[in-house]
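6 protein chains.
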Amino acid sequence: MKISARNTIKGKVKNVVVGQVSAEVTIDLGNGKEIVSVITKNSVENLGIKVGKEVYAVIKASSVMIATD
Amino acid sequence: MKISARNTIKGKVKNVVVGQVSAEVTIDLGNGKEIVSVITKNSVENLGIKVGKEVYAVIKASSVMIATD
Amino acid sequence: MKISARNTIKGKVKNVVVGQVSAEVTIDLGNGKEIVSVITKNSVENLGIKVGKEVYAVIKASSVMIATD
Amino acid sequence: MKISARNTIKGKVKNVVVGQVSAEVTIDLGNGKEIVSVITKNSVENLGIKVGKEVYAVIKASSVMIATD
Amino acid sequence: MKISARNTIKGKVKNVVVGQVSAEVTIDLGNGKEIVSVITKNSVENLGIKVGKEVYAVIKASSVMIATD
Amino acid sequence: MKISARNTIKGKVKNVVVGQVSAEVTIDLGNGKEIVSVITKNSVENLGIKVGKEVYAVIKASSVMIATD
Chain A
14 MKISARNTIK GKVKNVVVGQ VSAEVTIDLG NGKEIVSVIT KNSVENLGIK VGKEVYAVIK
74 ASSVMIATD
Chain B
14 MKISARNTIK GKVKNVVVGQ VSAEVTIDLG NGKEIVSVIT KNSVENLGIK VGKEVYAVIK
74 ASSVMIATD
Chain C
14 MKISARNTIK GKVKNVVVGQ VSAEVTIDLG NGKEIVSVIT KNSVENLGIK VGKEVYAVIK
74 ASSVMIATD
Chain D
14 MKISARNTIK GKVKNVVVGQ VSAEVTIDLG NGKEIVSVIT KNSVENLGIK VGKEVYAVIK
74 ASSVMIATD
Chain E
14 MKISARNTIK GKVKNVVVGQ VSAEVTIDLG NGKEIVSVIT KNSVENLGIK VGKEVYAVIK
74 ASSVMIATD
Chain F
14 MKISARNTIK GKVKNVVVGQ VSAEVTIDLG NGKEIVSVIT KNSVENLGIK VGKEVYAVIK
74 ASSVMIATD
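Protein chains in written order, with my numbering: chain A, 14 to 82; chain B, 14 to 82; chain C, 14 to 82; chain D, 14 to 82; chain E, 14 to 82; chain F, 14 to 82.
Hints are not guaranteed to be accurate.
Since copy identity is lost for identical chains, a pair holds within one copy or between any two.
The calculated SDA-like cross-link candidates involving lysine to any residue, where the alpha carbons are at most 20 angstroms apart (straight line), are [stated by the list, open to error]: (1) Lys54 / Val31; (2) Lys63 / Asp41; (3) Lys46 / Gly32; (4) Lys54 / Gly43; (5) Lys15 / Lys63; (6) Lys23 / Gly43; (7) Lys15 / Asn44; (8) Lys63 / Thr21; (9) Lys25 / Lys63.
Calculated from the structure, these hints are not laboratory results. All values derive from a computational prediction rather than experimental measurement.
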């Protein structure tokens, strides 16, 4: 499957906090960097997301803002 | 200024394509990785975004999906 | 590849309008229903999106609002 | 009221899971298809969303991605 | 029609810039404040959006970030 | 720091509801108007968000829809 979302960043799950509906997943990008994602609790279960699993962060380009100093 | 968006990733602008309303900005993260952003043409001008400029990609956690192989 | 986005709806591309940065793609769901998507021009090219192609609309649950009469 | 969001899909509420802040609502589209939405718990209450209620899923075109096999 | 989006802010259209796919609409909130929206060119036409028209900016709560000084 | 998000609206925190992952923050804009935001519980803690604090609602233009009567 190919997806139109322009950003796909590989990493390893570092932490998972599960609420009643949402879950916060921290992904370790391996160079001291992390990405934090909020998805549904059901997706955490459907994808078998747990600490140590290799995953991809997927981000649509129109969701990315730019900041400058 | 601090922002609630959980993801702030430093990089350097690699490419800018400007349309009549939107602009696509490619940010080089320095390790062979890139992030692509779509913002308004006006923001490109307001922030002085051009090739070589140091910028941050800013992404709200709820905009980050997760994929698995 | 499995993705955390909860909504994947099959259809066939009915129309594509390409601008300088963005593109609007209309997907026919086959029962008189359609879904309209705005992605980048580059994604249209990368995925070979053209009229008649079978595709999936993919939508993160947190992007779906609900309305009532 | 007319809204700029290009996608309005009619269905019937099939399931509601309510957390402290967010709620996950599953909408049955009637042909074996479903759409899952995450909105606030307050919106579930304000709109009187409950199983069996006729509702519309509303989605901005820029929130719709496209995938291909 | 009632919608789950928690934010509906009344204003008057101050400026419209139309591209091939997207359009940028500036809404005057009346107290020296403005909101800028990017929607599709087709929505501008479907809703008859033009300078001076009374409109509402509609924003899903999960799209609102918070910043502090 | 300057950000590409086109909308930055000043206000004062009126209410905070914190769940296990997400939090709902109501911001008083001072003229009888409010904006509701859903961010992560962690951001509420990182930014020290509490009732009475001066904050800014920050919204990307592509997240703003338009409705008409």
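Verification of the hints:
| no. | hint | result |
| --- | --- | --- |
| 1 | Lys54 / Val31 | both (6 angstroms within a copy, 12 angstroms between copies) |
| 2 | Lys63 / Asp41 | within (12 angstroms within a copy, 29 angstroms between copies) |
| 3 | Lys46 / Gly32 | neither (24 angstroms within a copy, 26 angstroms between copies) |
| 4 | Lys54 / Gly43 | neither (25 angstroms within a copy, 25 angstroms between copies) |
| 5 | Lys15 / Lys63 | between (24 angstroms within a copy, 15 angstroms between copies) |
| 6 | Lys23 / Gly43 | both (9 angstroms within a copy, 15 angstroms between copies) |
| 7 | Lys15 / Asn44 | neither (26 angstroms within a copy, 23 angstroms between copies) |
| 8 | Lys63 / Thr21 | within (19 angstroms within a copy, 23 angstroms between copies) |
| 9 | Lys25 / Lys63 | within (9 angstroms within a copy, 32 angstroms between copies) |
Violated hints for the displayed structure, listed by number in ascending order: 3, 4, 7.
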